[in-house]
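Peer 1: Residues per chain, in single letters:
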Amino acid sequence: MSLYDWLLFLHVLGAFALVGALTLISIVIVAAWRAERPSGIAELAGVTRVGGWLVGAGTLMTIVFGVWLAIEVDQYRVWDGWVIAAIVLWAMAVETGRRAVDAVRGGGRPAVGMQLASSAAVLVILVDMIWKPGA
Amino acid sequence: MVFAAIRPDSWNPALFVHVLAGMVLVGVLVFGAVALAAPARHHSARLRRFGFRSLLFAGLPAYVALFVSGEWLTSKEGLGGEDDPAWFIIGIAVGDLTGLLLAVSLVLLGIASWKSKARLGRVAGAFVSLALVLCVVGVWAMTAKPS
Chain U
1 MSLYDWLLFL
11 HVLGAFALVG
21 ALTLISIVIV
31 AAWRAERPSG
41 IAELAGVTRV
51 GGWLVGAGTL
61 MTIVFGVWLA
71 IEVDQYRVWD
81 GWVIAAIVLW
91 AMAVETGRRA
101 VDAVRGGGRP
111 AVGMQLASSA
121 AVLVILVDMI
131 WKPGA
Chain P
1 MVFAAIRPDS
11 WNPALFVHVL
21 AGMVLVGVLV
31 FGAVALAAPA
41 RHHSARLRRF
51 GFRSLLFAGL
61 PAYVALFVSG
71 EWLTSKEGLG
81 GEDDPAWFII
91 GIAVGDLTGL
101 LLAVSLVLLG
111 IASWKSKARL
121 GRVAGAFVSL
131 ALVLCVVGVW
141 AMTAKPS
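As you go down the protein sequences, you meet chains U and P in turn.
Sequential numbering from 1 applies to the first sequence in the working numbering.
Sequential numbering from 1 applies to the second sequence in the working numbering.
Read the hints as simulated data drawn from the structure, not as lab findings.
A virtual CB, placed ideally from N, CA and C, is assigned to each residue, including glycine.
Among the clues, some could well be false.
The following residues of chain U were derived to be distant from chain P, with all beta-carbon distances above 12 Å [to be verified]:
(1) Gly51
(2) Ala91
(3) Val112
Taking lysine-lysine pairs in the DSS-like style, the calculated list, with each CA pair at most 30 Å apart, reads [stated by the list, open to error]:
(4) U:Lys132 <-> P:Lys76
(5) P:Lys145 <-> U:Lys132
(6) P:Lys145 <-> P:Lys76
Not close to chain P: a few residues of chain U, all C-beta gaps over 10 Å, as computed [unchecked claim]:
(7) Val67
(8) Asp80
(9) Trp82
(10) Arg98
(11) Ala117
(12) Gly134
Chain U extracted, bound-state conformation (with noise of 0.2 Å):
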């Protein structure tokens, strides 16, 4: 495997797990709605904890690899906008999906529009990096 395999590889396993740790949050999320009782929602903090590990791991793969990717590839620049508009969504992706999980540790119910929010800009992430406008 090449340089460049092993990027791509981390790359996209670290954007497997942002999504799939939003994916997770989700269903935590509905879980702690239908609990009645709060030892319901105690059932529910190892996976919560899982998945704020899983936004960390993620976060910090799609972040560093896709940069070090855009430095890599020569057709890529840092500074194209598509590359620029994806780590400003991120940001953003980053900051609700880090109020949703502490939103779902703190009770559950506020956590619905910081996690919506949050699942759009990873998206839009996701439309931008399939289609690479302007590249």
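Assemble chain P onto chain U, guided by the hints.
Peer 2: Then chain P, alone, in the frame of chain U:
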């Protein structure tokens, strides 16, 4: 410095659905693996039921979308013949095995939820964990494209 592979724009919608479905499936499998493979004292009937519903209402549709978009991409790339590259064969094998594990997990979890059988729920959790490992292998095959 290297050049990235360029693909026609007409492949992008299929690729978008394929990648998104794969990501959602991984998220559902992570939830299932963590919720179901937990030690017995944390393994409640509620988590088993939620694991079952997550796999049924999110995991299964994501797998179907992954499979259909994969076939769509296969037809666009002209693959599926006799001289298929190794990454494609690995992807097909991983996809089929993941589907099989998902189906077995759903059946086991359905029974475990219905009959309140914690041990069966943990066995399903092990299958879900195995499917998750296969998904990572699939991501490696699709990105590194070993020839």
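Peer 1: Run every hint past the structure and note whether it holds.
Peer 2: Quick rundown of the hints versus the structure:
Separation of U:Gly51 from chain P is inadequate, the least Cβ-Cβ distance of about 8 Å not exceeding the 12 Å criterion. Once the 12 Å rule is applied to beta carbons, U:Ala91 is consistent with being away from chain P; the minimum gap is 20 Å. The non-interface label for U:Val112 is consistent with chain P: the shortest C-beta to C-beta separation is roughly 17 Å, beyond 12 Å. Straight-line distance between C-alpha atoms of U:Lys132 and P:Lys76 comes to about 20 Å, which keeps the hinted pair within the 30 Å bound.
Note on P:Lys145 and U:Lys132: the hinted pairing holds, with a Cα-Cα distance of about 21 Å set against a maximum of 30 Å. For the proposed pair P:Lys145 and P:Lys76, the alpha carbon gap of about 17 Å is at most 30 Å, so the pair holds. Against chain P, the non-interface label of U:Val67 holds: every CB pair exceeds 10 Å, the least being about 15 Å. Here U:Asp80 stays apart from chain P, with its beta-carbon at least about 12 Å from theirs, past the 10 Å limit.
Separation of U:Trp82 from chain P is adequate, the least Cβ-Cβ distance of about 13 Å exceeding the 10 Å criterion. For U:Arg98, the shortest C-beta to C-beta distance to chain P comes to about 17 Å, beyond the 10 Å cut-off, and the non-interface label holds. For U:Ala117, the condition that its CB be more than 10 Å from all CB atoms of chain P holds, with the nearest at approximately 17 Å. Residue placement check: U:Gly134 keeps its beta carbon more than 10 Å from all beta carbons of chain P (closest about 13 Å).
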